[in-house]
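Enquirer: Residue numbers (the numbering used here), protein chains in the order written: chain G, 224 to 542; chain U, 224 to 542.
By construction, these hints were calculated from the structure, which means they are not laboratory data.
As the structure is a prediction and not an experimental result, all values here were calculated from the model.
Please note: incorrect hints may appear among the correct ones.
You can't tell identical chains apart in this list, so a pair holds if it fits in one copy or across any two.
Computed list of lysine to aspartate or glutamate pairs in DMTMM-like fashion (alpha-carbon distance at most 20 Å, straight line) [unchecked claim]:
id : residue 1 : residue 2
1  : Lys408    : Glu451
2  : Lys437    : Glu515
3  : Lys304    : Glu291
4  : Lys437    : Glu297
5  : Lys408    : Glu284
2 protein chains.
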Amino acid sequence: MSILVVGSVAYDSVATPAGSVDRALGGSATYFSVAASFFTPVWLVACVGRDFRPEDRYFLESRGIDLEGLQTFEGETFSWKGRYGSNLDEAETLETRLNVFADFRPELPQRFRAAEYVFLANIDPALQRSVLSQVRRPRLVAADTMNYWIERRFEEILQTLRQVHILIINETEARELSRELSLIKAAEKIMQWGPRGIVIKRGGAGALLFTRGKTELEVFGLPAFPLEQVVDPTGAGDTFAGGFMGYLAGVGRIDEPTLRQAVVFGSVMASFNVESFSLDRLRTLTFPEITERFRRFHRLSYFDPLPETLSEAGRMDLP
Amino acid sequence: MSILVVGSVAYDSVATPAGSVDRALGGSATYFSVAASFFTPVWLVACVGRDFRPEDRYFLESRGIDLEGLQTFEGETFSWKGRYGSNLDEAETLETRLNVFADFRPELPQRFRAAEYVFLANIDPALQRSVLSQVRRPRLVAADTMNYWIERRFEEILQTLRQVHILIINETEARELSRELSLIKAAEKIMQWGPRGIVIKRGGAGALLFTRGKTELEVFGLPAFPLEQVVDPTGAGDTFAGGFMGYLAGVGRIDEPTLRQAVVFGSVMASFNVESFSLDRLRTLTFPEITERFRRFHRLSYFDPLPETLSEAGRMDLP
């Protein structure tokens, strides 16, 4: 199944301890689309300015991403400038220019209104709802948000969450949104507002998936893939979401075991993406590399269950 | 098999966002011994002052811990005072009084010299070696250290590491010791100095185990157990080491799959310990609760492998 994504397409200037790039292709919808495109067709809804480079459009098309919903306006493309210190989990924003993105009012092409899988990347929660209202019968809606909206549009977020099946946010945002320190309590509270599942992205600490089990909260935890070097964490969260949703739409199932695998695919895509600046690693990535890293995640996480014969009495008495 | 542990027995005064305790039983060897005692007999080597309370001695004895190596000196027991802010991964030390611990020169009782499993808790690396030199034929030696020694006794640590099979340290110490930011690079560097395995404790981010595989570094990653509340993280690292070493000595195997399970048991014990101040949770803990939490860790970490039929060509074509 195709996935509809709405979010930003941007030019990013980023400095990290590993180097820097100037006006490189970025934006939440871009990272999401490219990651998801490895698994399923993607319908992109976003806007750019007249400065949007033909080679960037060509790259997105080469990934089979449908650009009918990518509008071009007079003015410049959204641009972001930021830097990371040695704590690569947190960016310092140096400059944000919304440009054409400031007046973005997403209008879906007719074809896109049939989308069954929808990802609402981090934009104004009222806009997220306006997109949803144009989709006829979504089967799975996932959304992201950020501290900017939590601090300014809390009530709007609550309204949007009523229509969202899975919220995909980072650890700091989960705590800020729920006003709970414990991630379990945060997830329980947010799920009372609507979502049936929460994915909490933790950067170098991996990811957690919370869903409602038969009698209690069901939790899945995955460590981050240990890397020799993180070059640029920009877009890791949206790349994660792209792998997560792309896999779900690709297999067409959304049961709990499949959601767990989707968290792994999200982590796989994010772990590749942070190995280079911008989307550069995804440009050369192949599907066999993706499945190989999935298998490495399995080997990373696996441990033998306890033997049935283990004494429950006290000290161990195994052979 | 019995485990020999050398380290501190202390009285801790601790404040956390959840409350505070004054002169509660603590110390690296105490936490280690009590955690390990659920799995195997423990031989404790440490020292206390005349103020050491009979009820604390009785508690350790009630856990089957052999106290022949616990010396009592004129003076006061080592005491530590610290507090934690909302970042529970890092303590602020308010006061350290070494007291009788300042002149501690561990002398092993004859019986203890036959120990096969040895844990050198965080003490002067030269003392760690002096303990090892008294053990006849150790089968498995694990050690901890801390920033204090890394900054002051780096060369001594290197000498000790030559005789250590498994180093169990936290993330910050691993980076400080190796001068590498990447935990993979840190582990590879430290393993060149002697140890065949490294466990890196990451607090709320879980734990990593690095061992040397046939052709490349073997890595196991376990997320932290999500808790509703962390009351007091003091002793989590030593409780982890106690569960880890206790399980290994209890089953008498040290192959890689068993080491992975040992990391889980370490995490199980640490996750219980942080639920209360001091060792309070371990006082009421039962073995069935331990195995139950092991099983919960398994459910937390488990995900289905990829089906063999998965297309390697590009987009997903699963049923």
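Enquirer: Please go over all the hints and tell whether each is borne out by the structure.
Expert: Against the structure, the hints:
no.: 1; hint: Lys408 x Glu451; in the structure: between (33 Å within a copy, 6 Å between copies)
no.: 2; hint: Lys437 x Glu515; in the structure: between (33 Å within a copy, 19 Å between copies)
no.: 3; hint: Lys304 x Glu291; in the structure: neither (28 Å within a copy, 64 Å between copies)
no.: 4; hint: Lys437 x Glu297; in the structure: neither (53 Å within a copy, 59 Å between copies)
no.: 5; hint: Lys408 x Glu284; in the structure: neither (42 Å within a copy, 38 Å between copies)
When held up to the earlier numbered hints, the structure conflicts with 3, 4, 5 and fits the remainder.
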